[in-house]
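Novice: Residue strings, one per chain:
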Amino acid sequence: MEGQFFNWMQANPTVFFGTLLLVMLALYFSKNGFYAAFRKIALLLSASLRLQSRALITMTEQMKQRNREVLLEMGQAQKERDIEREFYRVNAIVDRDLSGYPELQKVISEHITAIEEDYQKTGESPPPSPDWVEAVEAVANLKEAHKGNPVIAKILSDLHESVIGQHKQALGDYREGIAQRHRLLHSMMPHWRKLNNAVGSVGNSIKGLLKHSAKLDVHMDQYEQIRQGSEQAERALRSSASIDFLFSVLIILLATWGAFFNFQLIALPMSEMVGGTSSKFNLFGQVVSVAQVAGAFIVILEVILGVFLMECLHITRMFPALSSLDDRIRKRMIWALFIFMFFLASIESGLAFMRDQIAAADEALKFSLGLGGEAPVASDISQTIPLAAAMMLGFMLPFALMFVAIPIETLFLTGRVVLSSILVQVLHLAAILLRLLANAIKNLVEFIIAVYDIFIFIPLWIEGAVKSFREDSARRSETSSVSESSTELRP
Amino acid sequence: MRKGFLISLLFLLSACASNENYSTAVYLLLDTSGTYTKELRKAQNIINYYLATLEAGDSFAVARIDSGSFSERDIIAKVKFDDKPSKSNVQKREFAEIIDNFVSTVESASYTDISGGLLQAQEYITETGAGYKHILIYSDLKEELPDGFNRDFDLELDGFTVTALNVTKLRTDNVDPTEYKSRLLYWQDRIEKAGGSWRMLNDLERDDALELPK
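So the sequences go chain by chain: H and S. Per the working numbering, residue 1 is the first one in the first sequence, and the count goes up by one each step. Per the working numbering, residue 1001 is the first one in the second sequence, and the count goes up by one each step.
The following block holds chain H by itself, in its conformation from the complex (with noise of 0.2 Å):
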């Protein structure tokens, strides 16, 4: 095609030239046109996208508010989630420690006033001294005596005697009333120490009470920032939000891949036991048996069975109906349901067993058609604890995906507003893009401005050159003119 023109341009040069003068002449005649066509489809368009640029941008500020709205919701009834278990904990801590409390103050009572008692006993002192100590020293002092007068140096003798056998007596005495004091002060030990175990547990139960009561004073600064709306609060919200989706999503992708392992343990079996192999459908481009879609049925009941466990146990809340319902009622669906998931676990089990017969039936099979397999002799190793092992992963597996729906609720919890906050970010970036676009287009209504002179660059150079010609004329007739003048002004 190419070489053709050019042949036809060798050809014919004064057409081709020509022509091509003409195009240029119908161009510079009609430039200024073209010029302001060029301007008014770049205002247009470059309005257009300005336009749109602005409404991206506010699209963009009321979803940010909308979002800003959600998370600080999100935060608000997860903060009164927190609280209300804190509370809940609090009163676990009560109704366990603190309700024994009248029966630990009566032991306390009993103890203290079994010390009292024993107190008041070590306080009693022997006898005092009898009243005739003071006859004695009266009659000592009578003249009579310091006379030397034997009767009563007989008497004062005696009275020395029994004074003194009076006063080993009272000595004694008072040693066995210290050593009572001092037995009574011991059996006061024991009571010492149930006292201060008594006083210790009570002292632990209120520890236990100004720890939880602490962690309630966080949650609820953080409930009353959250409900001011503070930045602090969103941020927060908005950092925590994204990690829980993050790591939602990872579990969540780890729980698929157990599902996947629970389905192909139970998918082969399924046939044995509903047939329809030979049914198959087209599910998303893939073709699968009933018995296969039997197989998956069953995993995704397993989930939804465990979510609505969850649920009744007040782990997740992502059904209010499920969540409000009575106590009452709510403790028999919890059984229902683990009931229904302990058969299926069990007919897991049991496919898992068929499974490992089926398999050994097909190498059999395999074997005996001459095309490999595994030959049925006996072998070294047991086959019992791959069996049991797989029937025991039968069973725990529908348990172990129940607590999948823990990280379902919070990637509904959150996904809302971290791809809402991806969405934002786009639109933010297209609003950009949109303003540099019509910037772009304004320059390039200039830069094709240009190209098109370079096309009709010959009738342009003409026309400068006329231009400057008829200025210099003018430039010339203006001078001479000045200079007629000056000449006539010359005397």
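Think of the hints as simulated: they come from the structure by calculation, not from any bench. Errors might be hidden in some of the hints.
[What the hints assert, rightly or not] Pairs of lysine-lysine residues, derived as DSS-like cross-links and limited to a Cα-Cα distance of at most 30 Å, are as follows:
1. H:Lys366 with S:Lys1078
2. S:Lys1042 with H:Lys366
3. H:Lys366 with S:Lys1084
4. H:Lys366 with S:Lys1142
5. S:Lys1214 with S:Lys1087
Once you have looked at the hints, place chain S on chain H.
Specialist: The following block gives chain S in isolation, referenced to the frame of chain H:
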């Protein structure tokens, strides 16, 4: 969330709506003419391969090509595998036993009626209603008909895949290779005119050689 669940459910149901028949039917024609009977032990391995790989709901038939192959009596064994693996396993064992007996006791046929065998295969497979239809011809493709037999008819093989297996070269082919080529071209042309697709497999040692195209 409820909306999302309903949408997912509708999507799933619409995806399930496509319930074409995805089962496979295989009809293997075994040439029992002349010296080709020596090749039947090799054919037995091919039959065993398909017995091991065909799934529940699939149909499999093995028939002999003899002097007049358009007959039910030439079908050596046929089966539609049961839905349950345990039953299909038993069916496969019985099938393999029948084939083993046949290969041990087969006698050479005087003529080779490939066209009649193809017509019989077409009838059988169409009756199964399978989604994937395969006719395998284990033969040297040299057709020899008894006097008075008319095999000048159009086959209807729309949706069929016809695979020629182990097409051995005859002594005359060595003398004139164009005879071999023209024989292959004749059958390819006849199958393709009938609406079927043609394949030829001589190297059966490859791992994926016997895999059936879907």
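Novice: All hints, please: hold or fail.
Specialist: Now for the hints, and whether the structure bears them out:
As the CA atoms of H:Lys366 and S:Lys1078 are separated by approximately 19 Å, the hinted pair is consistent with the 30 Å bound. Distance check on the hinted pair: S:Lys1042 and H:Lys366 sit about 17 Å apart at the alpha-carbon level, within 30 Å; holds. For the proposed pair H:Lys366 and S:Lys1084, the alpha carbon gap of about 17 Å is at most 30 Å, so the pair holds. Between H:Lys366 and S:Lys1142 the alpha-carbon distance is near 33 Å, which puts this suggested pair outside the 30 Å criterion.
In summary, the hint linking S:Lys1214 to S:Lys1087 is supported, as the alpha carbons are separated by about 25 Å, within the 30 Å threshold.
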